[in-house]
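**Student:** Sequence:
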Amino acid sequence: MPIGYSAILLPQLAEENGTMYADRQLGSWIASVHSLATPVGSLVSGPLLDEIGRRGSLQFAAVPLFVGWFVIGFAKNISCLLIGRVVLGFGVGLMGVPAQVLLGETADSTLRGFLTGSTLTFYCLGIVIIYALGACFTWDIVALCGAVLPITALIALILIPESPAWLVRRRKPDKARKALLWLRGGNAQQVDAEMRILEARMKTDLARTATTTTSRLGQISSVVSTLLDPSVLKPLTIINIFNILQLISGTFVIVFYAVNLVEDIGGNRINNYLAAVITAITRVLFSSIASVLLLKINRRYLGMFSAVGTAFASLVLAGYLLIQEESSIDVYVVGILLLAYVAVSSMGLMTFPGLMVAELLPQRARGIGGGCNFFFFNLFIFIVTKSFPAVRDAVGITGIFAIFGISALLEAIFVYVALPETKNRTLQEIEDYFQQDNLLWITRSR
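Okay, so the sequence shown: first residue is 6 according to the numbering used here, each after it adds one.
Derived DMTMM-like pairs (lysine to aspartate or glutamate); straight-line CA-CA distance at most 25 Å: (1) Lys177 x Asp113; (2) Lys208 x Asp442; (3) Lys208 x Asp234; (4) Lys183 x Asp55.
Cβ-Cβ distance ranges computed for the label pairs, FRET-style: (5) Thr157 x Gly191: 26 to 34 Å; (6) Gln30 x Ile160: 35 to 43 Å; (7) Val338 x Ala140: 23 to 31 Å; (8) Gln329 x Asp442: 50 to 58 Å; (9) Gln30 x Leu186: 52 to 60 Å; (10) Tyr26 x Arg175: 45 to 53 Å; (11) Cys85 x Ile302: 45 to 53 Å; (12) Ile225 x Ile146: 40 to 48 Å; (13) Ser84 x Ile57: 28 to 36 Å; (14) Ala395 x Tyr26: 18 to 26 Å.
These are computed hints drawn from the structure, not numbers from a lab.
Beta carbons: idealized from backbone N, C-alpha and C, even for Gly.
Based on the sequences and whatever the hints tell you, model everything.
**Tutor:** Below, the structure written as C-alpha cells:
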C-alpha cells in the first residue's frame, strides 16, 4: 500500500486550492523519498533475520509501518508528509526480505513458486485498495485507513510458526520439528526427511565459519567473505541484473505515477483515477494467474513470455503514440495496450524478484544477501522514480514507453541466457547448482 500511495497523493497535492500544495519537483521527492529510505530498512533486515528470526522480523516491521501511516494521516505540512513517507519506506524495507525468506523456507518445493509468487498478488491488491480509497477519500483519510493493516498483520503473525530452517540454525531442533509438523499437516515421514536435510546443511555451513573470529572486525570480514563466495555472489548478480532491467522496463514507474501517466496518455478524455484502479485490478488478476502458472510451467518460460510481452506492448504503444496526433488518439486503443503492458509485466517481471530471493540464495546468506539485494533494488527504485519526471519532460511519453520496451527486450535475453530453472527443485539442489562451476544457464554443467 505505501508504494501506490504517491499515485493518489500527488494529484491531490497538485490542486492549488487544497490544504497543501506540491509542484512537480517537490512531488517527485514525495514519491521517491519512500524508496530512498527503503534500502536502509533492507540492510537492517539482514541482521534482524538472523537474530530475531523471519517471523520476528515481520512483526518488528509492523511498527514503523503503523507509525508512518499515522504521521501522514495527521500531517499539517509537507515536512510531516516527507517524514511519514521516510518511516513507511523504512518499514517496507524491513518487511521485503523476511516475507520472501519465510515463505521460501516454509513452503513445500511443489508449492514454493505459487506461494512466493502470490505475495505479488496481495502486494498488488494493496495498490488496488489504495487507488480505490484515493478515488473516494482525501489523502489523509486514506493514510489513516492504511494504519489498520500493520496492526492486523502483527496479530496474524502470532498464529504461524517460525521458519524451521532458522530454528535449526539456532539449535532449537524440537521447535523446528514442531513447526514442520504444523506446516506439513502432521506428515511425520516428510518432516523427518526435511529435518535430516536441514541439520546436515547446518553442519556444513557451521564448518565453513568455524574459524571466524567473534570480534566486530571478524564479523564484518565474515559478512564480506560470505557475499563474495561464488555460491552467493553468482545468484546475487543474476537477481540484481534482472531487477535493474525490470525497473527500467517501467514496472514500478506505473505504480508510483499511475494517475499522472494516464493523464499524459489520454488527457481529459479518461477518468484518471478509474483508469488507475483498472490497471491495479489487472495487475492483481494477472499476478494471480502467474502464481497458478508457476505450479504448471517452468520459471524460465514464464519469465521470457512476460519480458517479450512487456516489450511488445510497450513498443506498440510507443509507435502508436508517435504516429498519431494527440487529438486523434483513440483512448480505447491506448487503454488496451496499457492494460496489456500491465498484464504481461505482472506475470513475470514483477513476480520474479521476490521469488528469486527465496529460491536462489543459499540458506546461510538469505539474511544478509537478501538485505543487500533489496537495498540495491530499492535504491534503484528511488533513482528511477526520482528521475522519471525529468526523463518524461526530455523524451515525452512516447520516448518513455520506447525505453520500457527496449529494456524489456534485454530482460528477455538475460532470462534466456542466465536464469536457472528452479521448478520442483529443492532449495538444497539449487544451492548445489551454484556451488558448481555454473553462472550462465546456457553454459551450465550437464
